[in-house]
Amino acid sequence: AAGVIQSPRHLIKEKRETATLKCYPIPRHDTVYWYQQGPGQDPQFLISFYEKMQSDKGSIPDRFSAQQFSDYHSELNMSSLELGDSALYFCASSLGRGGNTEAFFGQGTRLTVV
Amino acid sequence: AQKVTQAQTEISVVEKEDVTLDCVYETRDTTYYLFWYKQPPSGELVFLIRRNSFDEQNEISGRYSWNFQKSTSSFNFTITASQVVDSAVYFCALSEPRYNFNKFYFGSGTKLNVKP
Numbered sequence: 001a002a003g004v005i006q007s008p009r010h011l012i013k014e015k016r017e018t019a020t021l022k023c024y025p026i027p028r029h030d031t032v033y034w035y036q037q038g039p040g041q042d043p044q045f046l047i048s049f050y051e052k053m054q055s056d057k058g059s060i061p062d063r064f065s066a067q068q069f070s071d072y073h074s075e076l077n078m079s080s081l082e083l084g085d086s087a088l089y090f091c092a093s094s095l096g097r098g099g100n101t102e103a104f105f106g107q108g109t110r111l112t113v114v
Numbered sequence: 115a116q117k118v119t120q121a122q123t124e125i126s127v128v129e130k131e132d133v134t135l136d137c138v139y140e141t142r143d144t145t146y147y148l149f150w151y152k153q154p155p156s157g158e159l160v161f162l163i164r165r166n167s168f169d170e171q172n173e174i175s176g177r178y179s180w181n182f183q184k185s186t187s188s189f190n191f192t193i194t195a196s197q198v199v200d201s202a203v204y205f206c207a208l209s210e211p212r213y214n215f216n217k218f219y220f221g222s223g224t225k226l227n228v229k230p
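As you go down the protein sequences, you meet chains A and B in turn. Residue numbers for the first sequence follow this note's numbering, so the first one is 1 and each next one is one higher. Residue numbers for the second sequence follow this note's numbering, so the first one is 115 and each next one is one higher.
One or more hints might be untrue.
Taking lysine-lysine pairs in the DSS-like style, the calculated list, with each CA pair at most 25 Å apart, reads [said to hold, decoys possible]:
(1) A:Lys22 x B:Lys152
(2) B:Lys229 x B:Lys117
(3) B:Lys117 x A:Lys57
(4) B:Lys152 x B:Lys225
(5) A:Lys52 x A:Lys13
(6) B:Lys184 x B:Lys152
Bear in mind the hints are in silico, worked out from the structure with no lab data behind them.
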């Protein structure tokens with residue numbers, strides 16, 4: 001079965017650079033979530049989209065932006081990268097909104113800022 | 115305040131032992147959903163179970179079982195006859211559709227080490 005695809009799997013960037021993470025949800029899923037997981041920490045909610053509109057916003061820095069496109073894929077854009085942005089970034093998708101449906105997570109993009 | 119508490123940071127067991135991972139949650143909502151996810155060393159998050167607040171039936175899936183008790187706000191996860199492949203970090207999560215449609219609150223995770 002198709003799963004959530006994230007690219008790239010690994011990314012190394014220097015401080016102050018820009019990074020773009022991509023997420024391709026499971027076909028027909030209309031909701032996409034982005035989470036950030038620091039080393040040894042639990043995933044922290046960043047932002048979500050439902051039917052290409054921003055749905056909820058969490059602790060996403062102003063340096064980050066995201067959008068969901070007409071084909072439902074999503075991109076997380078991160079500018080002026082800082083060392084503290086080094087983390088595992090997960091994208092998840094679900095059919096329908098919120099907790100009455102399970103979210104399936106991608107394998108994550110490991111971002112390292114040096 | 116932490117909405118989901120997993121008090122056990124790390125647990126070590128020997129293969130074939132049973133192990134229970136605790137999860138306590140906090141919510142004002144009457145309708146909510148609880149989840150368990152597994153994060154193996156490879157890093158991905160694997161969905162294990164979803165339970166809604168109106169369904170207190172315990173569930174068993176192979177060696178996995180879940181005990182949901184609203185009276186104590188707990189949603190504990192038991193692995194019977196543990197195996198080395200069960201070694202992972204396990205996260206309990208909560209969703210409150212009334213307040214936050216598209217947001218999951220994760221606990222801090224419990225790292226399970228199963229030794230051969």
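Hint by hint, here is what the structure shows:
Of the supplied pair hints, the one linking A:Lys22 and B:Lys152 holds, its CA atoms being roughly 23 Å apart against a limit of 25 Å. This hinted pair does not check out: B:Lys229 and B:Lys117 have alpha carbons roughly 31 Å apart, beyond 25 Å. A hinted pair counts as satisfied when its Cα atoms are at most 25 Å apart, and B:Lys117 with A:Lys57 qualifies at roughly 17 Å. Distance check on the hinted pair: B:Lys152 and B:Lys225 sit about 10 Å apart at the alpha-carbon level, within 25 Å; holds.
Restraint check for A:Lys52 and A:Lys13: the C-alpha separation of about 28 Å exceeds 25 Å, so the hint is violated. Note on B:Lys184 and B:Lys152: the hinted pairing holds, with a Cα-Cα distance of about 23 Å set against a maximum of 25 Å.
Consistency with the previously given hints fails for numbers 2 and 5, ordered from lowest to highest.
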